[in-house]
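Asker: Guided by the hints, dock chain B onto chain A, whose structure is given.
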Amino acid sequence: MRTLWTYARTNVERTALILAAIVILLAIFGAWLAPFDPTQIDFRARLQAPSWEHLLGTDGSGRDVLSRLLHGAQITILSTLAVLSVVVVFGCAVGMFSAFVGGPIDNMLMRLADVWLGFPPLILALGFASALGASLEAAIWALIFSWWPNYARLTRMVTVDILSRKFIASADALGVPTHAKVTRYVIPNAFDVLIVQVTLDISAIMLAISGLSFIGVGAQIPMPEWGAMIADGRSYVANGWWIVLAPGLMIFLTAFSFNVIGDMLRRELDPTSRRRQP
Amino acid sequence: MSYVVQRIAFSILSLFILLFVTFLLSQVVAGDPALIAAGPNAGAAKIAELRQQMGLDQPIFVQFGIYVGNILQGNLGTSWFTQQPIARDLMRELPPSLELVFLAMLINLAVSMPMGLLTARFAHTKFDDAVRLVVLAGAGLPVFWIAIILQQVVAGNWGILPIAGRLSFSNRDFSGATGFYLLDSLMQGNLNVFIDTLAHLALPAFALSLLFTAVGVRITRTSMINEFRKDYVTLARAKGAGEGRVMFRHVFANGATPALTVFGMQFGWMLGATVLVEEIFGRPGIGRYAIKAVTQSDIHAVVAVVFVVGVVFLIANLIVDMLVYALSPRKQRAG
Numbered sequence: 001m002r003t004l005w006t007y008a009r010t011n012v013e014r015t016a017l018i019l020a021a022i023v024i025l026l027a028i029f030g031a032w033l034a035p036f037d038p039t040q041i042d043f044r045a046r047l048q049a050p051s052w053e054h055l056l057g058t059d060g061s062g063r064d065v066l067s068r069l070l071h072g073a074q075i076t077i078l079s080t081l082a083v084l085s086v087v088v089v090f091g092c093a094v095g096m097f098s099a100f101v102g103g104p105i106d107n108m109l110m111r112l113a114d115v116w117l118g119f120p121p122l123i124l125a126l127g128f129a130s131a132l133g134a135s136l137e138a139a140i141w142a143l144i145f146s147w148w149p150n151y152a153r154l155t156r157m158v159t160v161d162i163l164s165r166k167f168i169a170s171a172d173a174l175g176v177p178t179h180a181k182v183t184r185y186v187i188p189n190a191f192d193v194l195i196v197q198v199t200l201d202i203s204a205i206m207l208a209i210s211g212l213s214f215i216g217v218g219a220q221i222p223m224p225e226w227g228a229m230i231a232d233g234r235s236y237v238a239n240g241w242w243i244v245l246a247p248g249l250m251i252f253l254t255a256f257s258f259n260v261i262g263d264m265l266r267r268e269l270d271p272t273s274r275r276r277q278p
Numbered sequence: 001m002s003y004v005v006q007r008i009a010f011s012i013l014s015l016f017i018l019l020f021v022t023f024l025l026s027q028v029v030a031g032d033p034a035l036i037a038a039g040p041n042a043g044a045a046k047i048a049e050l051r052q053q054m055g056l057d058q059p060i061f062v063q064f065g066i067y068v069g070n071i072l073q074g075n076l077g078t079s080w081f082t083q084q085p086i087a088r089d090l091m092r093e094l095p096p097s098l099e100l101v102f103l104a105m106l107i108n109l110a111v112s113m114p115m116g117l118l119t120a121r122f123a124h125t126k127f128d129d130a131v132r133l134v135v136l137a138g139a140g141l142p143v144f145w146i147a148i149i150l151q152q153v154v155a156g157n158w159g160i161l162p163i164a165g166r167l168s169f170s171n172r173d174f175s176g177a178t179g180f181y182l183l184d185s186l187m188q189g190n191l192n193v194f195i196d197t198l199a200h201l202a203l204p205a206f207a208l209s210l211l212f213t214a215v216g217v218r219i220t221r222t223s224m225i226n227e228f229r230k231d232y233v234t235l236a237r238a239k240g241a242g243e244g245r246v247m248f249r250h251v252f253a254n255g256a257t258p259a260l261t262v263f264g265m266q267f268g269w270m271l272g273a274t275v276l277v278e279e280i281f282g283r284p285g286i287g288r289y290a291i292k293a294v295t296q297s298d299i300h301a302v303v304a305v306v307f308v309v310g311v312v313f314l315i316a317n318l319i320v321d322m323l324v325y326a327l328s329p330r331k332q333r334a335g
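Note that the protein sequences, when read in sequence, are chains A and B. Letter 264 of the first sequence, counting from 1, is numbered 264 in full-length UniProt numbering, and no numbers are missing. Letter 283 of the second sequence, counting from 1, is numbered 283 in full-length UniProt numbering, and no numbers are missing.
Hints in this document: simulated from the structure, not taken from any laboratory. Model, not experiment: these values are computed from the prediction.
Derived coverage of chain B by chain A (criterion: at least 3 residues anywhere in the stretch with Cβ under 8 Å from a Cβ of chain A; other residues may be distant):
| id | stretch |
| --- | --- |
| 1 | 9 to 21 |
| 2 | 261 to 274 |
| 3 | 291 to 305 |
| 4 | 309 to 322 |
If the Cβ cut is set under 8 Å, some of the chain A residues that face chain B in the computed set are:
| id | residue |
| --- | --- |
| 5 | G118 |
| 6 | L122 |
| 7 | S130 |
| 8 | G211 |
| 9 | F214 |
| 10 | I230 |
| 11 | R234 |
| 12 | V244 |
| 13 | G248 |
| 14 | I251 |
| 15 | N259 |
| 16 | V260 |
Glycine residues also receive a C-beta, built at the ideal position from the N, C-alpha and C atoms.
Isolated chain A, as found in the complex (with noise of 0.2 Å):
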């Protein structure tokens, strides 16, 4: 924590660090500080505009919009973190297994992985939708399915590079099996450039995640997912501009700040960004 925020040099930087740590405070203690259930339907309170019983107003079935925007924080961060862990691990093998075999099974996966990329995710994953049902575990398990060549490909290129270096061909001679080689050598090495990589996906699936809950397919309504907020808020949107304003903002906010960061871990991280020193 402290090493992110000496990297931060601009006060957009210092600002999206905090924000982004609000986000994650509020997907952990969100629900406790919500005022009212996210869930519950009050028709005699519905559209009421921002007041200082409902700071957010309500929405078109008399719902705290505050309230489903603090639980929604916890649903968008945990799918996001869903998509991204499994997505990181199997990618990460997937290159490393190929990276290490080389030849012509390398080529074959690589060539795959290619081939895969080119599915847009978000058709991908209507199809696995019509699949499995719309659900928030369909477009997981739809974004994961789309996404780990990225992985997959950036750990081959970065495991390429450092098994070309002399350090391995001593480590060779000295008989070091593959197994250390990868936990002691190919993975520190590999991890900053994971990590930057990682910081600039959570927004491109939190925003995936969103559309795809938005086109239905993805959370349902009534569950306060801010993608689904904004579709179920569309309706409303002549008499009650703050149901779809605020989650679009959370959405907005969110991506941003975690773009600014991963932007700003490249430049402090990342050996191919030659960005001069201060």
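Answerer: Frame of chain A; chain B shown alone:
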């Protein structure tokens, strides 16, 4: 030459994998197609007969062969919902979507190319930092959210552009040979319809282009910035070439190539992203068709959309790669 053959072989391999994935998708869900085709009152003998006719008693590889054969003949199956051949549905829905994607791509290129070039030339200045910030913000915008806001504010409150649809009510009888209204109206010399089509396209195309433009600027900047470091640029400057000539004649011509490849991929992704905007702006198109098919559990229609978008993606990439190859001065060495 060998590159061209290799590249086409890769496209065919990709097409094969695409076919396999869509085949698996349609297998997972379809239930028993013979049972559905036979209808609710059919006896066991009839169902068995149909099963044999449809090749369902064959091993899965044979079934895959039948599937590929059907698709090569342009038969994508029949929609459970519209009861129409899906291929015909898609021929109708594809032109409006492609029109939208073309325009969004045009916006993307018109912004990305110059901005990428300028930020690379003036890298690490205040200007570069400001553009970077805008780009990072753009890459965090939910497309569907910004589309709703644009529709409410620009079309609703300000009334500058039409709210939804493809044409105004007064032009409802317009039809053309290609289905691309921009093209049809020009061919018929109907400027009124052309402008009307463009006005209806403006907001959705802009909303669709935002995210892709943000990425486009970054990609162009990255590939240009490498060019500025190369020896020939130093040489050109040493020979006294003006900075404008260095930027456009030398750097842009060489640095555009890697960026072009990414723009080719973006084309297919944009077609996929139409699912986020078409519905909002009430436009017909493949995205809206896909959503409708999913909500109706019309599995074959959904799979067909996955397939067609995949094919468009493959074709766009093939064209771009061929273009890059044709433009590349280094091809003599490669061939």
